[in-house]
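Protein chains: 2
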Amino acid sequence: MKDIEAMTQQRSINGQRLMHQLQTLAGVGRTHSNACCRLALTEEDRQGRDLVVSWMKELGMVVSIDPIGNIFGARAGSRPELAPIMTGSHIDTVRTGGAYDGNYGVLAGLEVVATLNDVQYTTERTLVVGIFTNEEGARFAPDMLGSLVYVGGMALDEALKVKATDGAVLGEELIRIGYNGKTALGKHKPHAFIELHIEQGPLLDIEGIKIGAVENLQGISWQELTIVGQSNHAGTTPMHLRHDAGYACSSVSTFVRELTRRMGGNQVATVGHVVLTPNLINVIAAQATLTVDLRNTDEALLRQAEQALNDFLISLAESEGVTITSRRLARFEPVTFDAGLTDRIAHHANSLGLSHRRMTSGAGHDAQMLARICPTSMIFVPSVGGISHNPAEHTEAADLISGANVLLATLTELAH
Amino acid sequence: MKDIEAMTQQRSINGQRLMHQLQTLAGVGRTHSNACCRLALTEEDRQGRDLVVSWMKELGMVVSIDPIGNIFGARAGSRPELAPIMTGSHIDTVRTGGAYDGNYGVLAGLEVVATLNDVQYTTERTLVVGIFTNEEGARFAPDMLGSLVYVGGMALDEALKVKATDGAVLGEELIRIGYNGKTALGKHKPHAFIELHIEQGPLLDIEGIKIGAVENLQGISWQELTIVGQSNHAGTTPMHLRHDAGYACSSVSTFVRELTRRMGGNQVATVGHVVLTPNLINVIAAQATLTVDLRNTDEALLRQAEQALNDFLISLAESEGVTITSRRLARFEPVTFDAGLTDRIAHHANSLGLSHRRMTSGAGHDAQMLARICPTSMIFVPSVGGISHNPAEHTEAADLISGANVLLATLTELAH
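Heads up: the sequence lines are chains A and B, in that order. Those letters in the first sequence? Residues 17 to 432, by the numbering used here. Those letters in the second sequence? Residues 17 to 432, by the numbering used here.
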């Protein structure tokens with residue numbers, strides 16, 4: 017252990033090399049508006065994959081690809097009989113993606129390998145850097161599909177049949193870009209998994225803290241509500257005779273805001289999507305479609321929020337004389353990460369003189385799937401202004417380098 | 017007077033003839049979904065105009081057309097030096113119009129003339145049936161444009177330059193369909209104006225009352241609000257750090273509903289149009305555009321409602337950390353019709369054994385423009401279910417015939 021402590025404290029990753037690789041990958045699929053557009057399994061995604069695979073090979077890693085297109089680069093340890101330590105993330109992006117979301121976790125993993133190569137340090141356990149297919153869900157649903165299939169949460173057959181928003185079939189796209197691999201699903205089953213990611217939220221940036229040791233991940237409840245009222249003239253219909261789908265829709269939005277006030281804690285709620293029909297200034301809306309996004313780190317509280325919403329919808333339908341139907345779009349239970357791993361991340365941040373805090377992930381990540389099969393945690397670095405999925409997504413280079421150094425220390429300790 | 021009383025009580029209009037003409041006109045511009053589509057100054061509108069003008073001529077009326085395309089059919093009285101009595105409405109429709117909105121007022125006017133012809137009764141004052149251009153405002157803004165120009169509320173030059181939603185220019189469209197007339201604007205300045213119209217609201221239908229004697233017309237205040245907040249991740253952004261344009265938009269909608277509860281009376285308020293940006297389930301809306309439609313028959317109360325909304329917007333912008341800008345789309349003061357004329361309408365309904373009530377018009381009508389230059393009132397008949405601007409718009413034939421008989425009695429009394 018002493019050697020490792022000494023190594024991690026003396027050694028640090030090569031920040032210039034990491035930043036150069038991040039910028040090079042960000043150039044693949046760059047749009048006129050300076051965004052990254054590498055939607056899963058498109059030609060741009062293929063180019064990004066080819067580039068990162070070539071870097072893995074340059075580092076002497078053994079590259080394998082599984083049937084859902086997940087890529088694994090392995091740096092052999094001295095005791096190959098032990099389960100490996102895995103890190104990684106994704107390199108697909110949304111249509112208007114930034115340079116760091118996902119890519120940072122993958123390339124920082126490679127930078128850890130490069131750093132260990134530089135000092136010719138061989139860990140006991142093999143180190144694996146994973147790249148998971150279709151994390152964003154911007155082209156194929158569900159999101160985090162590659163890691164979900166990897167951990168056995170979705171059948172391969174079913175996943176290969178998934179249709180893209182553009183009509184393409186996932187399995188056919190994998191063949192087209194040459195990433196329909198032969199490596200058995202679930203190979204490299206990790207001893208532990210650590211994902212390094214930008215926060216995609218404002219907390220670290222606002223508080224001026226450099227490292228987030230992620231202890232859990234919010235549960236997500238997505239519903240689409242359809243409210244059917246009665247279209248009528250906005251001037252001639254007395255208020256007491258109205259069945260206004262637009263008003264009912266607004267009431268849901270203000271109710272969930274009030275619900276978060278009442279529940280407190282980390283309960284959040286968002287109505288981000290609203291469509292009224294006929295959507296005219298002088299016509300009472302006949303129909304409203306809206307989405308409700310509820311999240312909490314506590315499953316019991318999340319269920320309580322869902323129940324409160326449901327009760328409200330029943331009384332609203334009654335009082336406004338409308339019908340309300342709900343369709344579930346997504347439901348993930350909260351994930352609690354491995355407390356021991358989160359402790360080690362906090363410890364290493366501290367050792368490196370970096371301010372840090374325990375925190376919750378509000379976004380979904382591949383790590384939440386890996387947590388089903390092995391001890392898992394995540395390291396967050398600040399997102400300036402909390403902005404992501406946007407070309408304005410930014411993290412200071414110094415913060416990206418600090419995060420990679422925490423990853424180096426944590427992985428080296430875990431792999432010995 | 018005795019002759020007239022006798023005539024109106026013995027005579028009634030020919031219901032079969034009226035219904036036949038209504039159905040014939042409804043066939044012009046009929047769509048696959050059985051709606052009427054005669055948008056102002058289109059080819060279909062030209063066909064409708066040509067048809068009604070031919071009927072006017074068959075009745076021996078002198079037809080004149082003014083430079084904004086308003087059509088006037090005159091049945092000469094025995095004392096042509098006296099100002100005429102005018103009735104009328106419009107024959108343009110919305111894209112999904114019904115058979116009666118507007119058309120009923122025009123064709124019932126012709127039916128009154130036909131009835132007087134049948135009995136060879138000559139009134140002292142000339143009777144004029146007017147057809148006003150672009151009442152609906154579905155193709156050119158503002159609505160009630162023809163009657164507005166007729167009464168001098170909008171300059172002819174300005175009106176001729178108005179562009180349609182399809183890019184056409186109003187003056188050019190008038191020439192194209194051959195309705196750029198030479199008759200001086202404002203000719204036939206009436207001694208009184210009576211407009212017969214379907215209610216386009218549910219009150220008469222719900223209460224089972226046959227005739228509405230319209231005593232006033234709501235003032236209208238239309239605003240478009242643009243709310244700018246900050247787009248952010250729906251999972252990772254704590255509630256207290258949100259600047260949610262979608263939530264703010266909903267708050268406006270629930271506030272105006274609450275405002276109508278507080279104010280009571282005939283104050284109505286509608287948020288019928290909402291557009292969120294980016295309108296995604298998991299993104300806090302960066303921007304919302306919405307419309308607020310406020311109406312009241314009392315100008316002071318309407319101003320009070322506008323002021324209350326304005327105060328609310330200021331505190332909402334402050335509490336949610338958003339900016340809210342308002343653009344006025346329309347503002348009409350309430351119109352009070354001539355109390356004496358409304359009394360006569362009620363009197364004749366009563367004489368004809370028809371149930372009746374005093375009421376307010378919640379919709380705009382050409383009569384509100386005519387009220388600027390002469391004593392004016394309106395006669396309403398029930399709209400089944402209050403439905404209008406919809407192919408399902410319906411009024412029972414018996415009710416249409418009753419309304420036309422009230423018009424016959426009222427016009428005959430006014431013209432002697």
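Just so you know, these hints were derived from the structure itself, not from any lab. Be a bit skeptical, because a hint or two may be false.
Derived SDA-like pairs (lysine to any residue); straight-line CA-CA distance at most 25 Å [stated by the list, open to error]:
(1) A:K198 / A:P294
(2) A:K179 / B:K179
(3) B:K203 / B:I297
(4) B:K205 / B:E429
(5) B:K179 / A:P294
(6) B:K203 / B:Q32
(7) A:K73 / A:G202
(8) B:K179 / A:G202
(9) A:K179 / A:H204
(10) B:K177 / B:T58
(11) A:K179 / B:I297
(12) A:K179 / A:E60
Status of each hint after checking the structure:
1. This hinted pair does not check out: K198 of chain A and P294 of chain A have alpha carbons roughly 52 Å apart, beyond 25 Å.
2. Taking the CA atoms of K179 of chain A and K179 of chain B, the gap is near 45 Å; set against the 25 Å cutoff, the hint is violated.
3. A distance of roughly 58 Å separates the Cα atoms of K203 of chain B and I297 of chain B; the hinted pair therefore is violated under the 25 Å criterion.
4. Of the pairs offered as hints, the one joining K205 of chain B and E429 of chain B holds, with about 18 Å between alpha carbons and a cut-off of 25 Å not exceeded.
5. Restraint check for K179 of chain B and P294 of chain A: the C-alpha separation of about 24 Å stays at or below 25 Å, so the hint holds.
6. Only pairs whose Cα atoms come within 25 Å are accepted, and K203 of chain B paired with Q32 of chain B is rejected, the gap being roughly 33 Å.
7. With a CA separation close to 21 Å, the supplied pair K73 of chain A and G202 of chain A stays within the 25 Å bound.
8. Restraint check for K179 of chain B and G202 of chain A: not satisfied, since their Cα atoms lie roughly 65 Å apart, outside the 25 Å limit.
9. Using a Cα cut-off of 25 Å, the hinted pair K179 of chain A and H204 of chain A is violated, with the two alpha carbons roughly 28 Å apart.
10. Annotation: proposed proximity of K177 of chain B to T58 of chain B holds, straight-line Cα distance about 16 Å (limit 25 Å).
11. A C-alpha spacing of about 20 Å is found between K179 of chain A and I297 of chain B, which places the hinted pair at or below 25 Å, so the restraint holds.
12. For the suggested pair K179 of chain A and E60 of chain A, the alpha carbons sit about 18 Å apart, so the restraint of at most 25 Å is met.
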